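Asker: Make the full structure from the sequences, and use the hints.
Line order of the protein sequences matches chains A and B.
At position 506 of the first sequence the residue is numbered 506 (the UniProt record's numbering), and the sequence of numbers has no breaks.
At position 337 of the second sequence the residue is numbered 337 (the UniProt record's numbering), and the sequence of numbers has no breaks.
The set of hints was computed from the structure by calculation and includes no laboratory data.
Since this is a predicted model, take the numbers as computed values, not measurements.
Note that CB positions come from ideal geometry on N, CA and C, so glycine has one too.
Hints should not be assumed to be uniformly reliable.
Now the stretches of chain B that chain A is said to cover, found in silico as 3 or more residues with beta-carbon under 8 Å [unchecked claim]:
#1 75 to 82
#2 122 to 136
#3 257 to 264
Pulled a few chain A residues facing chain B out of the computed Cβ check, cut under 10 Å [as the list claims (entries may be wrong)]:
#4 Ile57
#5 Leu85
#6 Gly118
#7 Ser126
#8 Val354
#9 Glu380
In case you want the letters, here they are:
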Amino acid sequence: MAPPAQSQRSSSPSQPSGKSEVSDLKLQLRQLAGSRAPGVDDSKRELFKKVISYMTIGIDVSSLFGEMVMCSATSDIVLKKMCYLYVGNYAKVNPDLALLTINFLQRDCHDEDPMIRGLALRSLCSLRVANLVEYLVGPLGSGLKDSNSYVRVVAVIGVLKLYHISASTCVDADFPSTLKHLMLNDSDTQVVANCLSALQEIWSAEATTSEEASREREALISKPVIYYLLNRIKEFSEWAQCLVLELVAKYVPVESDEIFDIMNLLEDRLQHANGAVVLATIKVFLHLTLSLTDVHQQVYERIKAPLLTLVSSGSPEQSYAVLSHLHILVMRAPYIFSSDYKHFYCQYNEPSYVKRLKLEMLTAVANESNTYEIVTELCEYAANVDIPIARESIRAVGKIALQQYDVNAIVDRLLQFLEMEKDYVTAEALVLVKDLLRKYPQWSHDCIAVVGNISSKNVQEPKAKAALIWMLGEYSQDMQDAPYILESLVENWDEEHSAEVRLHLLTAVMKCFFKRPPETQNALGAALAAGIADFHQDVHDRALFYYRILQYNVSVAEHVVNPPKQAVSVFADTQSSEIKDRIFDEFNSLSVVYQKPSYMFTDKEHRGPFEFSDELGNLSIGGEAADNVVSAQSVEANDKDLLLTTSEKEETRGSSTNGSAYTAPYDSSSTSVFASQTRIESEISNPTSAGHAPQASLGIDDLLGLGLPAAPAPSSPQLKLSSKAVLDPSAFQQKWRQLPVALSQECSVSPQGVAAFTGPQALPRHMQSHSIHCIASGGQSPNFKFFFFAQKAEETSNYLVECIINTSSAKAQIKIKADDQSTSSAFSTLFQSALSRFGIP
Amino acid sequence: MISQFFVLSQRGDNIVFRDYRGEVAKGSAEIFFRKVKFWKEDGQEEAPPVFNVDGVNYFHVKVVGLLFVATTRVNVSPSLVLELLQRIARVIKDYLGVLSEDSLRKNFVLVYELLDEVIDFGYVQTTSTEVLKSYVFNEPIVVDAARLQPLGPAAIFMQGSKRMPGTAVTKSVVANEPGGRKREEIFVDIIEKISVTFSSSGYILTSEIDGTIQMKSYLTGNPEIRLALNEDLSIGRGGSVYDYRSSSGAGPVILDDCNFHESVRLDSFDMDRTLALVPPDGEFPVMNYRMTQEFKPPFRINCLIEEAGHLKAEVILKVRAEFPSNITANTVVVQMPLPKYTTRASFELEPGVVGQRTDFKEANKKLEWGLKKIVGGSEHTLRAKLTFSQESHANITKEAGPVSMTFTIPMYNASRLQVKYLQIAKKSSSYNPYRWVRYVTQANSYVARI
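Answerer: Written out as structure tokens, the structure is:
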């Protein structure tokens, strides 16, 4: 209880050293102990206050225990309370002396005044001395039956305290079932609430060893209990309401009518001024409607206004807690909040932790209609005095660019950042331009023109420098000075402290060499020599690897270092959707604020209401790592479905991460070298596929002297479809009328495919996973007719398909029309292979 | 469930410390304070209100420079704990009259009494000032209120040399008046915080009013109170048939949303916009509201920055008060970040002005212009000549600004929400307690981009 024995950091000059004062007090207390003179209580009060104040600032006054107990024989309640405070603080360290207090506390437990009874009982249970528990059972038993609710309130928590001192004593006295009875019958709602808290703790702890306890714990979320509590909800204090609502959120209703009954009953809780009550209510609403897509969406609409009001009222701390929850909802269903984007604008005086959440929300809600305004606002922040926030804002602009179809205007803004001549702005913008180019190679011309003007001397941050070097290597054919800039960077090799930059420099020089051999050859020689001599293991290894592969075969080297690349359609998300779902399950808890599920920051016994098996936790950590591989999964175009099946959507939400699936340079070097090595091994073991002439291994010095790389074999670009294709029905019809039939074919459907043909919906779902989208379907068994469309990944070139399937003959007739006729046969192959896989798991 | 509660001074001393469950080690206050103080090496960033160190979750709110802290190991609702900390501060203030380090130190025994009843074994029992009255026996030792900054939004009524009527906002709920008799009075404060962002062309980009109707009642016998708001008040932007937009100050008041204290009954709210309640003791918000309907901003800001020769530039700042002349804004401060390479700034005020000060904050390159008061309808200008250490390459307007402004305007509210009448139900005809209905508007984020 109360102030710990703790030393004060800043000692005031007048602070007493302790010893003499304490013995002084001891003397004075002794004199007063037996006195019955008038006014003695006042003097006692003064002395007690002194004792407590010494206790608070950390002077050990435990030696006064005996005198304090002697003086406590008083009817003065202020004195009694101070004495209880003192005893609670020191009983644990003086268990023998604590025995002295049992007597007067037990006597007070029978006092006429219910308040004295309550106070004494609370102090008795707070002694935390194991060998005194036998004295607790009696007073607790009568306390639970006390006619005064204050005493019962105290007694219920007292049972919980007893449980923590000695679980067996508590269970043997059958207190849990007494509490259960009180919970369902007591007229005082605070008694009910405390019973609920105590039982949740006791039964959760017991459930590990006792099946009965685990059944009892389950029974707390049974219909009768839940309904009983809900019917009294308005009698509870606001804090107890939170407790009850947390329980209700775990309840699984049997019928959907129940869901609406509960929601209607709790509707006015959303107007409560206490944010904790509102959030607890929202959790109930969200969890109850998980299976009802439409209602779930209505809930989002309904809770928007109350949440925004809570964010803007109350202290900054309270509003931060609410904002974190708004954040998770926005991230789950950005389209619902897309018209509220102005609420997520940052105010200049807000703390960084608030601004950061808002920037993420602004990024998430950006869509075709509001992007212009959001990006304009973000550009204002880029000039902000708060540099970390300025950086985040630039990153946000980049993220929006990566998730939009029309990035035209945004690219312009980013290029303007490069011209602002603030080093941190330039640094962030370079990294973004690099990411953009990886997704939209078609912008290379505009970007390269601007990037070419940036002097590498003005770029100091490793990430930015690496990005610049990557662009120099990747686009060396378009940048006049690329070989010379790289050369000068190689010359300063020793001054480059970042291994990341040196790794990129090696790769960039290699790339540049394959594109402009005569100009780069010197730089390459110097870079390889410096790299091989580098003290950093990864740099050394990569240089050596390049050296040897060049020695082995130049054209293989080019294949490895400079392969034809596909644009990255989706950057991997940092957090797996499973983790996000877990956090959402733990709505209205710290998980939301930390953006981590509870198993990541709490130990098992303190997980509170969120108990998950560790196994599950481990599984999802593994899942997170696996998630780094970009999946080319399709995206459901219908946002409504996404609300619940977030997994697909989250993956497409492009975020700036190192796309490890893409290309070596941005990986940690060791894995990239490894990847390259496996690649080369396969090429070596299968020389025909690589298609290179069996060149004799030339000495590297000869090679560089001659500069005779073999011409790279033209790689036939494979047709790649966009997973995000969009085409509206009227545009489809129009095109279908205009375009000639490019291909008309008949193929057969596999028996598994016919078997899977349970209705007209099954096939579109399957085809969608191959990035072929259904726009219309119809027909009855055995004849079905479908119209599909697809788009090329990097350009808006459409393919339209009419597909008639007869399930009895297992045949499909396909008509294909295409914007680009030359690729229609490639598309047809793709389409048929997708179709042939229908029904095969 | 809370493990510990403590209050730390600005220097990190324990003023009160209460361990409820013994689950968190004793050194937690020190760990917490060090973490908050050195959140980021550069000291630029503030620690968030919630963080985790070695499995212990620390929650804190800042009130009058004091840190109210709770710890727990359990994954609890952050909003519940933060709300609770704020509430504990308010309850303590209700009892002590004034919340400050001094008053807490003088009354720590009373505070322990309160804490014992508010939380038991980590579970919240009650935060009702009224219920707690029957458990608190210590008399508060009143500290001199005039010297200290009181807590809460109502504190703005204390600013300046002239006090608003009824300084009773610093009165304890349990202490008796010097005369021995309690004065029957009730305070209703309509406090609005406004946020406006002007674009560089003076057009309003965003605007919002966050308002609170705050009540503090000293009426004996807890009579029922009826509070009537504007009859044409509507709530929910989609609710009205036509979206009436006007900056001239006419038309109905449309709130986006609002919430109410649990004591408020809304039986007749839909009909005649009247709130009925039996006010509990102590200070509490009757209603919080939010409005994004367009309103007339109280100040227009005009800023011009242009180069004036080699390594020199001139700034002209104009502030115009667009409210009636019988109203005066006070404690006005205008701030503007200047280009990083500014070395010197010399100021020129209008001739003959009083109560204005200017300052160039060298450390963060900021211009600061303070005005003691601004009378409605007036306009004020500041000219500043800047000297640079280097030539500016880019657009100079991108290197400076935005201009931000803070102010307080008593007896003015931008939303036009009003308390039409305040009715106290009591039979006796001679019973006529004092009723104070006060309005005040404050800047939350008032920014003009240049």
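Asker: The structure should be examined with respect to each hint, and the outcome stated for every one.
Answerer: Consistency of the hints with the structure:
1. 75 to 82: It holds: at least three residues are needed, and the segment 75 to 82 of chain B offers 7 whose Cβ sits within less than 8 Å of chain A.
2. 122 to 136: Satisfied; 8 residues make the cut.
3. 257 to 264: n = 6 at 8 Å, threshold three: holds.
4. Ile57: 8 Å, holds
5. Leu85: 6 Å, holds
6. Gly118: Where the cut-off is 10 Å and the nearest Cβ of chain B is about 9 Å from A/Gly118, the hint holds.
7. Ser126: Holds, about 8 Å.
8. Val354: OK, holds: A/Val354 within 10 Å of chain B, min 9 Å.
9. Glu380: Result: holds, 6 Å to nearest chain B Cβ.
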